[in-house]
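Chains as they are written, first to last, in UniProt numbering: chain A, 1 to 358; chain Y, 1 to 358.
Any given hint could be a false lead.
Each pair may be met inside one copy or between any two copies, as identical chains are not told apart.
25 Å max Cα-Cα, derived BS3-like pairs, lysine-lysine [as the list claims (entries may be wrong)]:
#1 Lys-118 - Lys-138
#2 Lys-284 - Lys-325
#3 Lys-131 - Lys-163
These aren't lab readings, by the way, just hints derived from the structure by calculation. Treat the numbers as computed from the prediction; the structure is a model and nothing was measured.
Number of protein chains: 2
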Amino acid sequence: MKRILHILFLLLLTGFAAMAQRPPAISSPEVHPDHSITFRYFSRKAQKVSVSGEFLTAPVAMTKDTSGIWSVTVPPVKPDIYPYSFWVDTVQIADPNNTYIFANERFKRSIVDIPGDKPLVHSLQNVPHGKISYRYYKSTTLGTTRPLLVYTPPGYDPTGKTKYPVLYLIHGGSDTEETWTKVGRANFIADNLIAQGKAKPMIIVMPYGNVRPSPMPDFTKDIVNDIIPYVEANYLVQADSKSRAVAGFSVGGGQTLNIGLTNTDKFAYVCSYAPFTATDEFKKNFSDWSPNADQMNKQLKLFTISIATEDFLYESVKQNIAMFKDKKLNLETLVVPGGHTWMNCKLYLTNTLQQLFK
Amino acid sequence: MKRILHILFLLLLTGFAAMAQRPPAISSPEVHPDHSITFRYFSRKAQKVSVSGEFLTAPVAMTKDTSGIWSVTVPPVKPDIYPYSFWVDTVQIADPNNTYIFANERFKRSIVDIPGDKPLVHSLQNVPHGKISYRYYKSTTLGTTRPLLVYTPPGYDPTGKTKYPVLYLIHGGSDTEETWTKVGRANFIADNLIAQGKAKPMIIVMPYGNVRPSPMPDFTKDIVNDIIPYVEANYLVQADSKSRAVAGFSVGGGQTLNIGLTNTDKFAYVCSYAPFTATDEFKKNFSDWSPNADQMNKQLKLFTISIATEDFLYESVKQNIAMFKDKKLNLETLVVPGGHTWMNCKLYLTNTLQQLFK
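Here chain A stands alone, though its shape is the one from the complex (with noise of 0.2 Å):
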């Protein structure tokens, strides 16, 4: 009988093999105690595999060891969350033994999280957790259901009386709706600078912002017409301009800035991230632009653009904000050192948490 089962469990694990074509579970990536990182990628017959990462500046040949596993260790990286994908011959890959990938709608990079020797401000820490809801809303707008995220900050109590000022959070260009938490860990920042008493506690709102084949002006009205509603009509939300704010990245840095300063009497704090801004909307509302200066400043609390120094859009984004300064706005900017990068956005997003609603 044991022989039997032997035989069985034999034959159980070839089904397994043999159903999924699967190549050997290794592990990948390792981080090891001084932040260096060694991936590891099975393949026997490819010729050559390399990493490729933002903690890099060039990509970092793998050698393969006789069983067909390929690895390397990279030197000590800043503790920080950062995308990175293997070349396998002439194909970019994610790191099939990795569970964390990029949310995105285009090639979906793998992310390593490497932990500083103190948590850092998106790690998961042990501090009261806020909760994310993945809900759905009919968009009169758009004419179809979308999906959006919600965060309630930890205590949010739908049976009591608090009501909570609202963030709309915008992801870049081709990211989801899931990009802020998956890779900006947008949850984990908010509760851990309002377990430190850092941020006041809020609602943040991460629609999905991409509107295809339609135009980007549309986006704009869903936030407005049909999102802000849904969410004053199931959340306890306070209501006002000054209880809310809109923040996006890249091209949801653009969104970000078409959405803010055109609707000042709804969001008194606009706070944009490597604004992508060479759309038809941001031409259309800003190349011939004739402000009342005295009267948005009056109505924004705070009007932010952040951005770093080796971004693309740096030079786009410098222009911009010598635009909306020459109109007199008051203007408050973020300058960092780095790219149009994840590792920024967070940067980003831990300063405007602590800005907010105060």
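Given chain A, work out where chain Y should sit, using these hints.
Frame of chain A; chain Y shown alone:
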């Protein structure tokens, strides 16, 4: 000025392309009204590209046009959600132009959704939608903070008095806590069956079932000692065995048998899908087992095992079915065509949801 803007715009586009070394955005998969599907992939360098998927008996070669876009259109496929991947020379990849990924800890395939001529039970329909919440609980058993997803049904009102029964629903071996929603569409299936009056409104808790490197029995302890108390402290829950069900697929199907049948005082519904049972815990629980069948049959309102005839676990599951029947347990079986697939998982769950809490 217009010329300068135009040049700036071109520079920006170039920047975007250069930044990420991105291939052109192409549409893939494209599902046609007749349920045929066109797959596309861009590579100038690949020698051979094919598509492999659970709607195909063998990989299908794609052909390259002069611009480097490989494509193939496969004949009409039965409406459902299928995992698929591309083989580029010797490398297996997810479809880089498809947003939707099979949530898994190892190789992550893409998924394609072929809608029915009428909406399917797993389709987003125009009915009230429940809410999926991403939560974190402290596991004293496992000594860490772990994720879980909670589906609350449409109309769930934390301020109200209605309490709900709970289904604990466990994923397969290398899946994640997201696989039942992202691939299994448990939320839409529940929304639709509840709207049709075919399922009772219920809460569905989807934990992360993998425990490594610890031995498997820890997850049984975790669900009983940590997850159930967390859920019952945070949701309006009917906290008796007649209002508690456990179900799961593959490795999770084996966990379901271990969890459910050793805790019939806690679970009156035990629904196991294609269980993988070659584990120490299963052996310990059931290889030399003398249950009090009369008592268990009184406690269990429903004990089901579902399996497909071409599932690689079919023979093993048949033996377990015979073993449980031999022990005089009342066991209902559902045997369907097909393999060890998430297409069948949706079918099993659809069946279960209509049987629970009635």
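field: Hints not upheld, ascending by number
entry: Going through the list in order, the structure violates no hint and respects every one.
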